[in-house]
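Student: Here is what each chain is made of, one letter per residue.
Number of protein chains: 2
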Amino acid sequence: MVRVVIIGGGAAGASAAARARRLDPNAEIVMVEAGSMITHAPCGIPYAVSGVVADYKSLMTYTPEEFEKERNIKVLINAKAVDVDPDKRTVTVVRGGRSETLQWDKLIVATGAKPLVPKIPGVDLPGILTVRLPDDVPLLKSELADASTVGIVGGGYIGVEMAEALLHLGKKVILFEMMDRLLPAALDADMSSVLAEEMKKRGVDLHLGEKVVEFRGFGGKVSAVVTEKGEYKVDKVILAVGVKPDADLALKAGAKLGETGAVAVNEYMETGAPDVYAAGDVAEKVHRVTGRKVWIPLAPSANKEGQVAGGNAVKGRVLRFPGVVGTAVTKFFDLYVARTGLSEEEAQKLGIKYDKAVIKARTKAQYYPGYAPVHVKMLADQSGRILGVQVLGWDHIVAAYADIAAVAVERGATIEDLFFADIGYMPATAPVWHPLIVAARVLSRGKL
Amino acid sequence: MVRVVIIGGGAAGASAAARARRLDPNAEIVMVEAGSMITHAPCGIPYAVSGVVADYKSLMTYTPEEFEKERNIKVLINAKAVDVDPDKRTVTVVRGGRSETLQWDKLIVATGAKPLVPKIPGVDLPGILTVRLPDDVPLLKSELADASTVGIVGGGYIGVEMAEALLHLGKKVILFEMMDRLLPAALDADMSSVLAEEMKKRGVDLHLGEKVVEFRGFGGKVSAVVTEKGEYKVDKVILAVGVKPDADLALKAGAKLGETGAVAVNEYMETGAPDVYAAGDVAEKVHRVTGRKVWIPLAPSANKEGQVAGGNAVKGRVLRFPGVVGTAVTKFFDLYVARTGLSEEEAQKLGIKYDKAVIKARTKAQYYPGYAPVHVKMLADQSGRILGVQVLGWDHIVAAYADIAAVAVERGATIEDLFFADIGYMPATAPVWHPLIVAARVLSRGKL
Chain A
1 MVRVVIIGGG
11 AAGASAAARA
21 RRLDPNAEIV
31 MVEAGSMITH
41 APCGIPYAVS
51 GVVADYKSLM
61 TYTPEEFEKE
71 RNIKVLINAK
81 AVDVDPDKRT
91 VTVVRGGRSE
101 TLQWDKLIVA
111 TGAKPLVPKI
121 PGVDLPGILT
131 VRLPDDVPLL
141 KSELADASTV
151 GIVGGGYIGV
161 EMAEALLHLG
171 KKVILFEMMD
181 RLLPAALDAD
191 MSSVLAEEMK
201 KRGVDLHLGE
211 KVVEFRGFGG
221 KVSAVVTEKG
231 EYKVDKVILA
241 VGVKPDADLA
251 LKAGAKLGET
261 GAVAVNEYME
271 TGAPDVYAAG
281 DVAEKVHRVT
291 GRKVWIPLAP
301 SANKEGQVAG
311 GNAVKGRVLR
321 FPGVVGTAVT
331 KFFDLYVART
341 GLSEEEAQKL
351 GIKYDKAVIK
361 ARTKAQYYPG
371 YAPVHVKMLA
381 DQSGRILGVQ
391 VLGWDHIVAA
401 YADIAAVAVE
411 RGATIEDLFF
421 ADIGYMPATA
431 PVWHPLIVAA
441 RVLSRGKL
Chain B
1 MVRVVIIGGG
11 AAGASAAARA
21 RRLDPNAEIV
31 MVEAGSMITH
41 APCGIPYAVS
51 GVVADYKSLM
61 TYTPEEFEKE
71 RNIKVLINAK
81 AVDVDPDKRT
91 VTVVRGGRSE
101 TLQWDKLIVA
111 TGAKPLVPKI
121 PGVDLPGILT
131 VRLPDDVPLL
141 KSELADASTV
151 GIVGGGYIGV
161 EMAEALLHLG
171 KKVILFEMMD
181 RLLPAALDAD
191 MSSVLAEEMK
201 KRGVDLHLGE
211 KVVEFRGFGG
221 KVSAVVTEKG
231 EYKVDKVILA
241 VGVKPDADLA
251 LKAGAKLGET
261 GAVAVNEYME
271 TGAPDVYAAG
281 DVAEKVHRVT
291 GRKVWIPLAP
301 SANKEGQVAG
311 GNAVKGRVLR
321 FPGVVGTAVT
331 KFFDLYVART
341 GLSEEEAQKL
351 GIKYDKAVIK
361 ARTKAQYYPG
371 YAPVHVKMLA
381 DQSGRILGVQ
391 VLGWDHIVAA
401 YADIAAVAVE
411 RGATIEDLFF
421 ADIGYMPATA
431 PVWHPLIVAA
441 RVLSRGKL
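First to last, the protein sequences are chains A and B.
Counting in this note's numbering, the first sequence runs from 1 upward without gaps.
Counting in this note's numbering, the second sequence runs from 1 upward without gaps.
It is worth saying that the hints were derived from the structure and are not from the lab.
Don't take every hint at face value.
Heads up, the list lumps identical chains together, so a pair's fine if it works in one copy or across two of them.
[What the hints assert, rightly or not] Subject to a maximum C-alpha distance of 20 Å in a straight line, what follows is the list of computed DMTMM-like cross-link-like pairs (lysine to aspartate or glutamate): (1) K293 <-> D146; (2) K211 <-> D275; (3) K447 <-> E267; (4) K315 <-> E416.
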């Protein structure tokens, strides 16, 4: 009877546990979770903070009890894995002040990512908050309750989504992003500016290209954000400058970091350390366009990586994770932002020659009421292969445009392939020339 | 200077004209349209009848004057092409009671489809209406104005969409479909029943598996629909039993009908008759899953076929139309129905062995407000290749699920490919396990 220990009860860990159980009814499976919730959805935190989602506990798909009962997986919550011994094949877990040792034949490290905390003066002041787990929601809500001005440091996904949440709560929001644009890892400047305009329109005091250099306090709490350009009074700060892999335990287990700084794994989610797997935000992935290692920590791939790791842990190389193409979605109020593949900046960094098209279109037939504007940017390489797509539009259907493009990108479609793709039409759902097809046509430079 | 005559000013004809002009600034291009509108959108008719679209003239993208002025294409409207002489290379056109002869070097037949009118007693009675062109909207509106009960004969796209329009106008609607289900060419019985339930819930008096055998009149107008099972009093009838290719002129030009009854064309949209092309609803297409000829008359492929025909007419085999996978979308109020690839019935008819999964899921994270239920059916062949997907859900985003699946189907994706597709996620746009990925997982029968 194989003993599987999984460190982490989030997307990757829980998927790994469920898959291992499915493939091996006899395995002894223990899942160790540092917080109180498993199968939790950190992506829902901004909506639980804003109150759009009434109960933060609904961000948990299964309770630990359900998981134990329905899947016969032992779940240790509020249990901090503090050490791994790869020779003795043990994990040391501290729970309720007591330490215990778990024995494993297969170890799956699914410890996720944690917020980056930049080393700048005052960063440890009370009132500076980070966003990581649904467990954090009650604290975030109570900390923010009496704040009237909140500074957000970082214009990535969390920064943008928390800005919506805070406006929703009636706060004044000042957002600082060191780079020249919002969502710098996802969008090029031209597309990002559409989001910036929307944020300004909704009242966000946006400071792009402005580096935070210090936090100042008053009465023992944060009271101001200081940048290269000025000082801004705030009541609270959301620190959302990025995340990093929470790789300590993986390293203790004998895994290595890859070139991206996340745990190196092969397509079986094996770390190279005997019988040690890593999955989810802690692990590197392969980018299917470039074949290179990337670190893009997102829930959908975490789930699938967990599934691969869990299956392989009990059955040995039954599944392979093929990698990602960098599909990601966010929204700011009614503006949906989605992307897949490579951005212009990414292509440039890799020295890939590309051509691009940027169009503005509509989400429905021009005569049908309720259409929304949509901006589409599409990149292709010199052979015509689609490299990436960025989409922004005031209708949630545009999130799916990135999905259509993602399938095209990961399956090597060319501009011509996408132009001739049999995308559906009726006036209430799309224009007869779908925005993606129009973008492909423009990108063809007169060939289509 | 090449002389191009295009018969038909709809999707295919207008695209052909625009493309020919783009590739050959010097060509003499004449487009002959029987009605008063070009670049018109018949798919918008139900919404113009219901009043959702206020002005039926907005169903026209370009006016004939705009087309003439901006593209230098001669447009003859209200001009009926009545004959083609393939030896003399002429088209005879009747306009305003006068006949004229156009000379062509290249002929593009884009005459579209026309409603089938079954040969049953009383079918010629006044008050029995068909739906074909935006030009028909004023007549449809005035004919329907004083009707309180309308019989719809046919449960295809037009029947379903007109049912919505008529309910919108406060009419009582009785819908008759000979087959055992709605949208029989698009959906299998299990998925179609979801639509049937919705139609009944909205008040449609639905008669499935009930063949209309006669129309009876009173005072010289239709007053009853007679089926095998009963007689139903109606004030008007919408006859929507299907369409057929309007192929007479193509045949006169020397084209042949293919096995489907539509005009046979190759991938260049050549009919085989010298310098005669056909495009759009009049022409057959290749189904990219089966490689067989099909006749699926829809606007998106008509546009692209027109573009291929127009380009090739002036430049010779510069473009190829790769065919379709049968993607189609409709809606009934808030229930969106989309499909791509093969249905179970289609697979059975072709003797293709398949496996299937039918799931019910949600369009957003389970904790995010405003999610809608969605039903997904997915078919794969014995090698695991995805054959087709049917989707019904109460959110227009599900239309795009069929698009995602369409790209997967036409690019030969397997169940595993789709499971690992990098489809995006955020709680407001999709669940973390996207319904298509869940369907693929279920279809894998435990492998994923």
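Student: Checked against the structure, which of the hints given earlier come out wrong?
Tutor: Numbers 1, 2 - these are the hints that the structure violates, sorted from lowest upward.
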